[in-house]
Amino acid sequence: MNPVNYLYLAALLFTIGAVGVLIRRNAIVVFMCVELMLNACNLAFVTFSRMHGNLDGQIIAFFTMVVAAAEVVVGLAIIVSVFRSRHSASVDDASLMKL
Amino acid sequence: MNALTVHSMWTTAAEPLNKIPAPKIEYVQLAPVLIVVGAAVLGILAEAFVPRRGRYVTQVFLTLLALAASFAAVVALAAGGYGTTKAHIAAMGAIAVDGPALFLQGTIILASVVAVLTFAERRLDPADHGHKVDSFAAEAAAVPGGDHEKAAVKAGFTTTEVFPLALFAIAGMLVFPAANDLLTLFIALEVFSLPLYLLCAVARRKRLMSQEAALKYFLLGAFSSAFLLFGIALLYGYAGSVSYATIAGVVDGSVGSVDPALAQTMGNDALLLIGFALVLMGLLFKVGAVPFHMWTPDVYQGAPTPVTGFMAAATKVAAFGALLRLLYVVLPGLTWDWRPVMWGVAIVTMLGGAIVAITQTDIKRLLAYSSIAHAGFLLAGVIAATPSGISSVLFYLGAYSFVTIGAFAVVTLVRDAGGEATHLSKWAGLGRRSPLVAAVFAVFLLAFAGIPLTSGFSGKFAVFKAAAEGGAGALVVVGVIASAIAAFFYIRVIVLMFFSEPKADGPTVAVPSVLTTLTITAGVVVTLVLGLAPQYFLDLAGQASVFVR
Amino acid sequence: MSFPLLTVTAAVPAVGAILTAAVPAGRRTAAKWLALLVSLATLVLAGLVFARFEPGGDRYQLTESHAWIKDFGVRYELGVDGIGVALIGLTALLIPFVMLAGWHDADPLETSSKRWRPTQGFFALILMVEAMVILSFEATDVFLFYILFEAMLIPMYFLIGGFGDRAHSGSDENAAAQRSYAAVKFLLYNLVGGLIMLAAVIGLYTVAGNFSLTEIAEARANGTLEMATGTERWLFLGFFFAFAVKAPLWPLHTWLPNAMGEATAPVAVLITAIVDKVGTFAMLRFCLGLFPEASQWATPVIVVLALISIVYGALLAVGQRDIKRLIAYASISHFGFIVLGIFAMTSQGQSGATLYMVNHGISTAALMLVAGFLISRRGSRLIADYGGVQKVAPVLAGTFLIGGLATLSLPGLAPFVSEFLVLVGTFARYPAAGVVATTGIVLAALYVLVLYQRTMTGPVKEEVRSMPDLRPRELAVVAPLIAVLLFLGVFPKPLTDVVNPAVRHTMSDVGKTDPTPEVPVQNVEAAK
Amino acid sequence: MDNLIALLIAAPLLGAAVLLCGGRRLDKTGHWLGTLLAAVSFATAVALFADMLGKGADDRAMHQRLFSWIPVEGFQADIAFQLDQLSMTFVLLITGVGTLIHVYSIGYMEHDERRRRFFGYLNLFVAAMLLLVLADNYLLLYFGWEGVGLASYLLIGFWQHKPSAATAAKKAFLVNRVGDIGLSIAIMLMFTTFGTFAFGPVLASAENATEGKLTAIGLMLLLAACGKSAQVPLQSWLGDAMEGPTPVSALIHAATMVTAGVYLIVRSADIFNAAPDAQLVVTIVGAVTLLFGAIVGCAKDDIKKALAGSTMSQIGYMILAAGLGPVGYVFAIMHLVTHGFFKAGLFLGAGSVMHGMNDEVDMRKYGGLRKYMPVTFITFGLGYLAIIGFPGLSGFFSKDKIIEAAFAKGGTEGWILGAVTLLGAAVTAYYMTRVMLMTFFGEKRWQPDADGRPPHPHESPKSMLVPMILLAVGSVGGGAVFEFSGFTEWLEPVTGFDHGHAPISAAAVTAATVAVMVIGVGLAYLQYGRKPVPVVAPRGSLLTRAARRDLLQDDLNHAVFVTGGTHLTRSLVYVDHTLVDGVVNGTAASVGGLSGRLRKLQNGYVRSYAVSMLGGTAVLIAATLLMRAV
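Top line first, the protein sequences correspond to chains A, B, C and D. Counting from 1415, one number per residue, gives the positions in the first sequence under our numbering. Counting from 9, one number per residue, gives the positions in the second sequence under our numbering. Counting from 246, one number per residue, gives the positions in the third sequence under our numbering. Counting from 2, one number per residue, gives the positions in the fourth sequence under our numbering.
Take these hints with a grain of salt, some might be off.
Partial list, derived from the structure: chain A residues whose beta carbon lies under 7 Å from chain D [as the list claims (entries may be wrong)]:
| # | residue |
| --- | --- |
| 1 | Val1435 |
| 2 | Val1505 |
| 3 | Lys1512 |
| 4 | Leu1513 |
Computed far set for chain C versus chain B, every beta-carbon distance over 10 Å [said to hold, decoys possible]:
| # | residue |
| --- | --- |
| 5 | Ser247 |
| 6 | Asp417 |
| 7 | Arg465 |
| 8 | Glu538 |
| 9 | Ala543 |
| 10 | Pro545 |
| 11 | Val546 |
| 12 | Ile553 |
| 13 | Ser621 |
| 14 | Leu720 |
| 15 | Val735 |
For the record, the hints were derived by calculation from the structure and aren't laboratory data. No residue lacks a Cβ here, since even glycine has one placed at the ideal position from N, Cα and C.
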């Protein structure tokens, strides 16, 4: 099977993630969409790695996972503290600062 | 590709370990980064083991020491000729040690030193329950206004973690402009972004805003880094490698097809262009260029002011460094593709920043928009695509970062009951009440406005000159118009401070400790020196304007 | 290398400014005297420059040249020609009187806080302006000039906005608002002009590669530096725009009435008599010197604009109700004459324009300062609030009249010499323009005499009945100025001797010669 | 000897400086000093005159060059003087009459606390006037020209507390400025044509220039002359100028300054000789003014205004004569001098009358004064006889000559001009007789003044009478002296001279002149001598009413210039504020508005920020691809 299809899949996932970020209110979900985008990237890396027949892509994928994990740590910390002080995880409620 | 080759891949991977060459790392040349990272780790340990009372002193001491050592290392490397003759790629092609890298690292470190001084300032707010307080929350985890927080304040807790966090961020920033492959670029980006997200969240006053800023910054940052990453993926797909050198080679066709598999994608410019666009977007986000700027005002406003100053200065330096390297090292063969695009970005950034700033009413947001406009001016220099363009941008960054930190440091001084009084109306008549502070701030504003005899003018002139020489005369004209518009709101603040009568319930100007005083003094001195006699630093930037390939 | 006289002449007031600013809050009077002495020292130095300058000698004398910003091709290059000498003289001469006239203008109100030191600031800023103006007259490096041209806006801005005229109609807030509006308007107009000039300066660099006036002129002369016609014209426009704002030329003039109206009289003098001269001076030295062809290309339009300024300014002066605004519009009319003279491209026109800069400086100073004294007495700037002052304060009225007569350039007073030179110089090249400009002398008489009649003559108004006559300090300000006006009106030779050679150079820059008379004159002996 | 010329000017100038700067301490002695210095100047003049007479007719011109005034390349103006016969004549007149009037003023201004300043101004005037006639180039003449304008301004407005006086002074200065445009343009034309504007070279090489240029120069000079000499159409200021103290009217607005225009034209003889068209215009202006002034003079009840009208008309004679060319120059000057005597005398007489009548100026409130102030009556009467051209008196000779010259112009022009001059003579006789009768004859029509004080007419003090007597002598004998002492030969070297050949004999002209004079006197007698003069002026004919309003010329000026000008300036002020300023402020405002709108995009919602980022990225990608595509 042609690995290019995986690329299309990756693009699809990435787009879904991006759209999710735009349309979902809950910070957690938004954040998960970002994670989805990152994983789409991973898929792309692995696929390219397969196509090029070198390992760089796969190694990068590991790095990405670590980074994603780190992001989760930071992200959740922030989101949780926001949630505790506002009792809401909606990103639209967090709009004190504007104009 | 057939199953056999795949199998052979696995087998090559499965060779006996002794066959694998150990990576060669030039630790000495990476010293600046390593020192900072090490200090950061120590800082974490300190948090764990040093008793609460001692932490503040320990952290401040440790941080400043580390930064000093790291700066010494940079100077040593530069003196050792690594900036010019011995410039080369270190750490298995991951990190470049060359003029721009060292210059920018030096700038970042100095800026950080000054910024850290403001982090450590504990004189501005009145002592709370007999404990000196700084700009950071007693306990970031506590709910604002909750009993837990009250207890923390009573106990005199302070978030000394900000220092290690800052160190991590600095480490990332040091790597960012030196990164010589896309992976390092990405990692560095995250390394300095994540601590910044946290730093934004830990303001002592106005905590809701602070947390909101952190949330916005984090979500958008993650969003943009996802784009960056996808771009990297595409570039990797195009070139089959993430190393700048290889990609550059592939772009200008000097590298033939390494293997047949690569050949099929290599022809495909769509991957290259889209990937480039996405990576560019990731960097422009950090730079704060229109239309990727929208996080800037909110985050600048919400974050603790010392952090804002730090971000505004250091992040910009690092991001522009990376941008320069990307455009000049990776994609020189693509100049004719990216220049028009960047033209557009530069123009909208200059004008957008300047125009929207006019109607701002909060000093921090005002400075945020001014930083956007300045990003536009810098882009004009970047576009020049000439050595003088590089040097001018380097110089501008150096000049700009000190003005910025100085300005934000002054903002921390003007306070009323609710903490910093950042609404412009509160600044009315400041010049009457405390002429000195107002005068200093006026100097910074004039520098922002690019009035001659300040560093702002030298920088602007250098950049515009480079742009004009690089054939971007039109950009210069737009830049000039933007500066004219920008001048208006800087002047507005000066008018407010000097020519309008002070309000009865106006804010007071806190008398800072030596730390902030040092920061501001440094800002003023640099502003004037670079304005009156910039030649030496221009030479420095000029020597440092060659990227290693 | 010789003694850096020019640098010192500019450095003395600069240093003086810093010292004055450093005087502690309590010692106001000390600060005043310090500033005054410094300005007098500067006057002496300026006299020295005048003495050391040899009219017959090189074009630029007392030159200094040091490396400054290599990367920008910028050098610290100084040198004066006759025009520069004359204007340095003017500046150094006027500043002491400006200070003396504004002796009490910046005394702090009781309400203001103890740390607020307006007096020190006022005098320091004046000295700072003096330093920058003098240096800009000396600069032969375009970049150096540009920097000063822009930088001097800042102290001026604070002088205008920070020390407004205490005589104003309406509430204090209202007045403060108008004042800062005027200051901002002043700054933005000039800043925009300056920024456009910046673009041109950068353009000049990309073409010429350096900023040295002398080198560029040389290179253009011997053809090593080619400038495309289009480029030259664009650069010229960039420079000219900035100078036209500063000068100010119609229709870029509207900032001047606001600024002069709201500022105190001494500051108004500083604006119109000194700082604005930098603009016209720069037209003469930089526009003509750097872009001769473009200058000639633009001449027709500029001449028309100048004529409009002359007539328009005068007419608006007639229509003013505010004494200071009236003088401001009169100045606009006079700047029209100066520009006209410069672009008439005849030696009479340009020498006349240069003298005009000096004479207008002195005459406006005289008129404006007396007006300031008058206003400070009555606390109103409106002409309608005065009447019959001549009866209660004859000396004040007399000096005011002399200032006015100088403004309408009565023969025997300095401005006549320059105005007639400008007219004759213009007429020789563009007769029609000359005739139109001549109408300016009637209008000048109109607005001056109307002003005098309404304020000084007629029955004595109640409010002015108790008005004191000029005090010794004020007389000490006005009398010398009037003396100078009379002297230069009857014996301007010392000035013309210095200026003429410089103008000869400028004329050769643009490659123009005076038109020759049609009829060869028979020698007088044969006639009689 | 030549170096004494500067002294002529220096003396009164010094006086002006000392008196004006001297301050109150000079109040006691100031007037003596002023008079003394004027006298010094006069003495010098006499000495120079004697010296000049000693020389041959052709090398009488003296020169003194002090220093270079305005040297710019080709433009060389010197402070240098030239004293030739023409200038000499004027110098004597100015210093002589000037000194007398100084003396007169001592008495006249006795009760004015600002007398010191008055004498300062008088000295200033004498100095400026001497500069005007002594200059050896047109620019220096211009200096003097404006100088006398200033002095006149100061003196007309001397009683500044009177709004009318201040306005009159301003008006005089402004109208003169209009004339000055002419002079300055003439000088510019000379500079562009000859490359110089010194009398010698310009006049010497005049004929080489094209007639067009010369005509232009001539007309411009005429414009200047009109302004200074109150000729139509710039005559309107002279009447109002009577607001000034009477000595001023006598010295400046009768004897000397107003005749500067005549001097200018005669001085520029060579230019006019070569520009017949210009000459024609000059004669026309002269003729028109001659009648204009005369008519106005007939209608005025204010004695000074009546005399002012007469002055206008007499100067009309001079201008007309000057326009006739070499035929008339000499007589223009001759009439100028004689007029200087008798008109000054008449004004001083009028002043003396006012002095006695509580400063009343309305002749309808005089009457029968001859018994109360005999000396004034006699001197005034002699001046009267002189001006109407009573045979043997000075006016007779000079006016007669002008009329003769007018006829000598030849052709229809000659006839017209001759007729006009004759008519003028008749009208002169009429209005002067009217003045005479209304003032000194008939019954008393005295009215108490504003403060209700009834007038007590009395003879004026000696200091006032002596000058009047001397001037009367001059006006009686002056003409004869000139006639028989060869005035024409005296002036000829400067102005040139030829006897035109009149179509009718000199005797006939003389006869006609006397005849019309008698007619004029007769008419006046019938109207004012026979029946009593009403105290309140009758409504009078249309012409009379127009004449009282200076033939509506002022109303015209007011309508056109004052009203029109006011509207113009008002609208310009509006334009400046709304348009010129509005454009700039508008731009600023629009930028601000744009800012306000863009600001709305920053709505605080993360997701909309993300949208903009996504959109930006899309654009970025599209642009990049597009760049590659094209």
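Now for the hints, and whether the structure bears them out:
Checking Val1435/A against chain D: minimum C-beta separation of about 5 Å stays under 7 Å; hint holds. Interface hint status for Val1505/A: upheld, as the beta-carbon distance to the closest one in chain D is roughly 5 Å, under 7 Å. The beta carbon of Lys1512/A comes within 3 Å of a beta carbon in chain D, closer than 7 Å, and the hint placing it at the interface holds. Using the Cβ-Cβ criterion of 7 Å, the hint placing Leu1513/A at the interface with chain D is satisfied: the shortest such distance is roughly 5 Å.
Non-interface status of Ser247/C relative to chain B is upheld: no Cβ of that chain comes within 10 Å, the nearest being about 24 Å off. With a least CB separation of 8 Å from chain B, Asp417/C falls inside the 10 Å interface cut-off, contrary to its annotation. A cut-off of 10 Å between C-beta atoms confirms that Arg465/C is not in contact with chain B; the least separation is 20 Å. Every Cβ of chain B is farther than 10 Å from the Cβ of Glu538/C; the closest lies at roughly 21 Å, confirming the non-interface assignment.
At the 10 Å boundary, the C-beta of Ala543/C stays outside the reach of chain B, the nearest C-beta of that chain being 20 Å off. For Pro545/C, the shortest C-beta to C-beta distance to chain B comes to about 26 Å, beyond the 10 Å cut-off, and the non-interface label holds. Here Val546/C stays apart from chain B, with its beta-carbon at least about 21 Å from theirs, past the 10 Å limit. Remark: the non-interface label on Ile553/C is consistent with the geometry, its nearest Cβ contact in chain B lying 25 Å away (cut-off 10 Å).
Distance check on Ser621/C: its Cβ is at least 21 Å (rounded) from any Cβ of chain B, clearing the 10 Å threshold; non-interface status holds. Remark: the non-interface label on Leu720/C is consistent with the geometry, its nearest Cβ contact in chain B lying 33 Å away (cut-off 10 Å). Every CB of chain B is more than 10 Å from the CB of Val735/C (nearest about 42 Å), matching its label as outside the interface.
The structure fails hint 6 only (numbered hints given earlier).
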